[in-house]
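Residue numbers (the numbering used here): 27 to 727.
Calculated from the structure, these hints are not laboratory results.
Using N, Cα and C, we set each Cβ at its ideal position, and we do this for glycine too.
Do not take every clue at face value.
Stated by the list, open to error - In the BS3-like style, the derived pairs of lysine-lysine whose C-alpha atoms are separated by at most 25 Å in a straight line are:
#	residue 1	residue 2
1	487	148
2	350	415
3	198	140
4	350	222
5	367	415
6	645	662
7	198	458
8	156	140
9	487	423
10	423	490
11	662	140
12	148	662
13	415	458
14	198	317
15	367	222
16	367	423
17	399	415
18	156	222
19	367	317
20	284	222
21	350	399
22	634	645
23	399	487
24	399	156
As the list claims (entries may be wrong) - Computed Cβ-Cβ distance ranges for the label pairs, DEER-style:
#	residue 1	residue 2	range
25	471	321	38 to 46 Å
26	534	426	55 to 63 Å
27	293	414	24 to 32 Å
28	226	458	41 to 49 Å
29	466	161	35 to 43 Å
30	459	535	49 to 57 Å
31	317	659	52 to 60 Å
32	303	161	39 to 47 Å
33	426	586	23 to 31 Å
34	433	659	48 to 56 Å
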Amino acid sequence: MGHSNVWNSHPKNYGPGSRACRVCGNPHGLIRKYGLMCCRQCFRSNAKEIGFIKKHQVMTSTIMNNVSVFKLLMIIITIIAFVHQFGVVSGGGFNYGEAVEKNLMFFEAQRSGKLPLQQRVKWRGDSGLKDGLQQGVDLVGGYYDAGDNVKFGLPMAFSVTMLAWGAIDFRKEITDLNQMGHTLWAIRWGTDYFIKAHTQPNVLWGQVGDGASDHYCWERPEDMSTSRSAYKIDEQHPGSDLAAETAAALAAAAIAFKPYNSSYSTLLLVHARQLFTFADRFRGLYDDSIKFAQQFYTSSGYSDELLWASAWLHRATGDEYYLKYVVDNAVYMGGTGWAVKEFSWDNKYAGVQILLSKVLLEGQAGSYASILKQYQAKADYFACACLQKNGGYNVHKTPGGLLYVREWNNMQYVSSAAFLLAVYSNYLSLAKAHIDCPDGQIQPQDLLTFVKTQVDYILGKNPKNISYLVGYGPNYPSHVHHRGASIASIFALHSEVGCVQGFETWYRRTEPNPNVICGGLVGGPGGTDDFVDDRSNYEQTEPTLSGSAPLVAVFAKLHTLYGNTGTNPQKPTPPTTSAGAPLEFLHSITSSWNAGATTYYRHKVIIKNTSQKPISELKLAIDNLSGPIWGLSPTKDKNVYELPQWLQQATKKEEETDPDKEPEPITFNFTDFAEIDPNHNDPMVITAAIDGYEVKRILVD
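Taking the hints into account, I'd like the entire structure generated from these sequences.
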């Protein structure tokens with residue numbers, strides 16, 4: 027992240043080209059910040075996303091050196107320069123803003139294809155670069171579904187729909203947290219893939235990879251040796267559910283992108299309309315056509331997806347044709363007949379019913395009001411069932427208070443229900459309406475109060491005192507069922523991990539995963555709040571796209587409502603160097619400052635040679651930095667830096683300098699040095715005690 031060509035080299039995956047804002051696509055009022063192009067408005071609101079070091083990241087520095095006199099093996103010393111601040115705050119609250127940030131990181135960890143230089147999850151590498159090659163189509167990109175390496179179209183599309191819906195209805199909340207840029211990128215990583223996969227009006231490629239052979243192996247995405255065959259639906263092999271869900275995702279994304287990139291929004295709508303027409307004209311279950319999906323994501327029907335896509339297209343276009351479609355097919359397709367107690371990648375009825383209730387509550391129903399009231403009655407049924415006010419026909423709950431739908435990956439139903447209830451609360455509140463349940467009345471605030479109980483359970487307020495959002499809080503699952511997270515990063519372990527070797531060496535090991543799949547929502551506890559943190563316990567420890575996607579907006583909404591009141595931030599604790607190490611790190615935190623809901627810390631590190639011999643080939647590996655590094659030279663290895671060429675040897679220091687004396691900095695001139703915003707301090711200073719002199723390096727924000 028240091029040069030303008032970083033953004034320009036990825037216009038297809040990340041938005042407009044070089045003459046438009048990197049965040050919103052606005053071609054006017056452009057400025058160059060940190061070597062990247064953005065408009066002034068987006069810089070003010072999204073500055074933290076353009077290259078700052080954030081409080082809630084962990085930066086691990088690894089020093090690699092070679093003691094030249096004795097030709098010793100490489101010595102590796104790991105220090106923690108940024109210590110994670112627990113998400114739990116005093117008074118029993120939670121840092122929902124931090125949860126948003128972490129949740130979005132999960133989608134970067136699940137990326138398939140050529141990863142951008144802005145990639146924040148550094149243990150992942152490029153993968154699936156030949157997807158679709160056998161079939162003569164470019165299917166590079168998209169998301170891996172869960173802990174495996176298959177790209178399943180139906181749950182992926184649903185996940186993108188959820189991300190987009192959140193970006194639409196909770197736009198202010200997400201923007202206030204400076205996370206709208208990352209949210210739109212998460213959406214676009216999916217929608218760009220869908221556009222590629224929609225090769226003809228009536229052709230959609232719906233899966234890449236074979237679940238059976240993929241599950242037979244335990245491999246990193248970067249090492250995949252299993253089949254990457256691609257499967258499609260077309261006129262002779264229809265898939266109304268898959269095509270309609272993809273249409274819904276593209277229509278919702280079109281709304282989300284419209285304020286930022288209207289041309290891309292228009293393109294999304296073209297594909298959405300075509301896919302809906304294809305889904306409606308050529309009807310059939312997608313897993314009858316793509317039989318390799320049957321064992322993993324079997325569809326229960328396509329009527330709900332047709333209604334769902336039509337409702338989204340109506341919202342995106344205002345075209346009455348789509349509203350008439352959901353009214354005319356309300357009974358035949360079950361929209362006003364099905365009263366459900368779950369919402370998921372397979373069952374969209376509750377989502378349709380709440381989405382259409384918005385039309386009624388806003389007074390836009392016109393002559394369709396009577397049918398839309400029937401849709402709303404079923405939306406009320408869902409809400410009443412979740413809040414245990416449905417005359418006994420309620421969603422089951424665990425003794426700890428968690429909604430419980432089914433054993434396998436129950437948390438996906440919790441997160442999607444929480445999302446729908448938060449959305450419905452907004453619609454009811456704006457209309458000054460409420461819900462009359464068999465067992466009492468529900469006000470909009472009651473829905474949000476209930477949502478908070480479910481989210482707090484996810485984040486750690488539960489009988490196990492564990493956060494089911496990986497990477498959040500002091501205690502979270504460490505043996506997550508996830509291939510990439512459970513095997514050492516390809517940047518740490520360069521040799522290929524084979525199919526069987528992965529099981530023997532990594533899957534069966536008892537140690538925690540070497541990589542944290544940050545922000546992923548695991549399957550969660552059973553019906554009695556029981557949970558076993560075991561890699562083989564995939565029902566409970568595997569994170570999924572569809573389970574994690576609804577949480578971005580829910581966390582943002584709760585942050586707006588409750589903030590971080592009562593927060594008692596813990597200042598990161600500088601680490602100490604391992605005994606006997608040839609180098610000593612004197613790490614201190616010199617200052618801190620706040621920007622919005624985030625606290626930043628300035629770190630100073632003095633590096634001393636404590637050995638009796640010169641040390642050459644000194645290298646510094648730094649992970650999880652958001653901003654550029656200045657004053658250190660990059661090496662051919664990813665995230666590994668070395669001292670400048672003029673200073674390549676660290677000799678023994680003959681005499682100690684006064685630790686209280688501030689060293690004189692050495693000034694470096696950079697032709698592409700970042701412009702420093704006067705409202706922010708430099709986030710990090712590294713001071714190295716080398717050869718009797720202290721050299722100050724400034725890493726700018």
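_residue 367 paired with residue 317 [C-alpha distance capped at 25 Å]_ = 28 Å, violated
*asked:* Assuming the hint says 23 to 31 Å, is it satisfied by the Cβ distance from residue 426 to residue 586 or not?
replied: Roughly 26 Å apart at Cβ, these two residues keep to the hinted range, so it holds.
*asked:* So if I understand the rule, the pair passes when the alpha-carbon distance is 25 Å or less; does residue 399 with residue 487 pass?
replied: 37 Å, violated
*asked:* Check the hint pairing residue 198 with residue 458 against an upper bound of 25 Å on the C-alpha distance.
replied: OK: residue 198 and residue 458 at ~20 Å, within 25 Å.
*Going straight from one Cα to the other, do residue 487 and residue 148 come out at no more than 25 Å?*
Distance ~30 Å between residue 487 and residue 148 Cα, so the pair is violated.
*Taking 25 Å as the top limit, are the C-alpha atoms of residue 662 and residue 140 close enough?*
This hinted pair holds, its Cα atoms lying about 18 Å apart.
*asked:* Quick check on a hinted range of 41 to 49 Å for residue 226 and residue 458, using CB atoms only.
replied: The hint (41 to 49 Å, Cβ to Cβ) holds, given that residue 226 and residue 458 are roughly 48 Å apart.
*Measure nothing beyond the straight line between the CA atoms of residue 367 and residue 222; if it is 25 Å or shorter, mark the hint as holding.*
Not OK: residue 367 and residue 222 at ~35 Å, beyond 25 Å, violated.
_Whether the CB-CB distance between residue 303 and residue 161 falls inside 39 to 47 Å_ = Violated: the Cβ-Cβ distance is about 24 Å, outside 39 to 47 Å.
*asked:* Run the distance test for residue 415 versus residue 458: straight-line Cα separation, threshold 25 Å.
replied: 20 Å, holds
*Under the criterion that the straight-line Cα-Cα distance not exceed 25 Å, is the pair residue 148, residue 662 satisfied?*
15 Å, holds
_Hint consistency between residue 367 and residue 415 [alpha-carbon to alpha-carbon, up to 25 Å]_ = 12 Å, holds
When the structure is compared with the earlier hints, violations turn up for hints 1, 2, 3, 4, 14, 15, 19, 23, 24, 26, 27, 29, 32 and for no others.
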